[in-house]
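Start from the sequences and build out the full structure, keeping to the hints where you can.
Those sequence lines, one after another, are chains A and B.
Under numbering that gives the first Met the number 0, the residues of the first sequence are numbered 0 to 228, in order.
Under numbering that gives the first Met the number 0, the residues of the second sequence are numbered 0 to 228, in order.
Treat the hints loosely; a few may be bogus.
As the list makes no split between identical chains, a pair holds if one copy fits it or if it spans any two.
[To be verified] Result set (DSBU-like, lysine-lysine): computed pairs, CA atoms no more than 35 angstroms apart in a straight line:
| no. | residue 1 | residue 2 |
| --- | --- | --- |
| 1 | Lys218 | Lys184 |
| 2 | Lys64 | Lys33 |
| 3 | Lys17 | Lys225 |
| 4 | Lys184 | Lys225 |
| 5 | Lys184 | Lys157 |
| 6 | Lys17 | Lys33 |
No wet-lab data here; the hints were simulated from the structure.
Number of protein chains: 2
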Amino acid sequence: MKIGIIGSGVVAQTLGTKLVELGHDVVLGTRDPKKLDEKKNMAGSLNEWLASVNPSTGSGRGQAKVASFKEAAIHGEILINATHGQAAVEALHLAGAGEAGSKVLIDTSNELDFGKGFPMALASEGRSVAGNIQAAFPKLKVVKCFNTLAAPLMVNPKMLHGGDHTIFLSGNDAAAKAQVTELLKSFGWTDILDLGDISAARGQEMYMGMWVRLYGSLKNGMINIKVQR
Amino acid sequence: MKIGIIGSGVVAQTLGTKLVELGHDVVLGTRDPKKLDEKKNMAGSLNEWLASVNPSTGSGRGQAKVASFKEAAIHGEILINATHGQAAVEALHLAGAGEAGSKVLIDTSNELDFGKGFPMALASEGRSVAGNIQAAFPKLKVVKCFNTLAAPLMVNPKMLHGGDHTIFLSGNDAAAKAQVTELLKSFGWTDILDLGDISAARGQEMYMGMWVRLYGSLKNGMINIKVQR
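Below is the structure:
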């Protein structure tokens with residue numbers, strides 16, 4: 000299949016390599032196709048990528064080419080957006096996506112803001128209920144917990160998949176988290192994951208954006224996630 | 000242990016019941032302790048809750064009482080916030096949490112907006128990169144996928160836990176999603192979860208708020224979640 004990838008970073012390169020291995024004909028579109036020796040964020044240069052992909056052309060493998068956003072968009076029967084979330088609409092305008100007809104576009108992007116270091120914020124990130132509470136009541140030892148699943152599961156994890164799933168906590172005080180951990184164990188939890196200080200509560204809260212969609216799709220609220228690591 | 004629960008809905012009642020079963024002494028604090036017969040959202044009235052909990056006092060079980068926010072906060076050696084995220088800081092002010100000293104407060108809340116029906120929005124929810132792209136290019140068949148994990152895993156799920164973890168997709172066009180599903184299978188994915196139309200992309204994108212915290216805590220980006228259901 001002919002696949003056009005908009006973007007040239009680690010996601011674009013990784014997907015591109017695998018697609019070529021599987022026999023697809025890939026054009027990877029980049030903003031400036033003359034800059035093939037420029038090192039990419041979290042990935043090698045596009046010349047390095049081409050060298051790693053193209054020697055293997057032949058034995059049932061596909062082809063790889065680097066071109067402009069627009070050429071990639073024209074080439075692909077399927078398009079993949081592998082740009083940053085903040086840049087995605089502009090990059091797709093540059094690619095002429097408005098004239099691409101009704102092609103499939105796989106959007107892999109996140110609106111992660113790498114400009115302020117770790118933890119990368121979403122553009123919409125910034126605050127959490129738990130963080131607000133901790134700020135309003137500085138003496139309290141706030142521990143975020145229990146917000147990621149339905150109430151019956153909070154206290155009876157064994158009712159789902161033998162209890163093989165994960166509960167999260169975060170907070171600034173280690174002793175407070177140890178106390179909550181003991182409480183969780185007394186409820187039957189075995190996979191208890193400490194996410195860090197109270198700022199991590201934003202992650203737990205944002206997860207709910209996913210949870211409500213899982214609930215909607217599965218028509219079942221007695222679900223949870225197991226973090227495989 | 001003496002536990003004070005701020006809030007009286009399904010989370011408060013469920014945690015309260017389990018804590019009493021485990022021998023703890025629970026005061027459940029409600030905004031108006033005179034309204035014991037009022038049916039709670041997604042739960043029974045507080046009189047029903049008391050009736051279900053108290054008859055069993057004796058045999059190694061704890062005690063249960065319903066009182067004001069303030070009395071619950073005074074009672075508890077550990078406090079649990081089980082109010083809605085939007086109301087949490089105000090409820091805790093009513094509870095006198097500022098004078099509660101350095102007690103542990105477990106915050107279970109989410110800022111879910113139930114006012115607009117399903118899917119419940121987070122207060123900060125409203126838009127997604129994928130939705131913006133779909134709106135800007137109405138002819139394209141946008142499928143959100145791949146944004147929830149590190150690039151090497153996208154194409155090689157078997158490298159983690161034998162491939163026993165979940166990848167998500169969403170989009171408005173069933174045929175486009177079927178095509179992406181075939182692509183995912185060719186990469187080795189076996190647990191492919193369709194979250195619905197493109198509005199569900201917001202869930203996939205918000206999950207990244209969790210992912211960056213998992214990455215920070217585990218110091219390992221080669222992780223993913225398995226949805227147990």
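**Request:** Please name the hints from earlier in the document that this structure breaks, with their numbers sorted from lowest to highest.
**Result:** none
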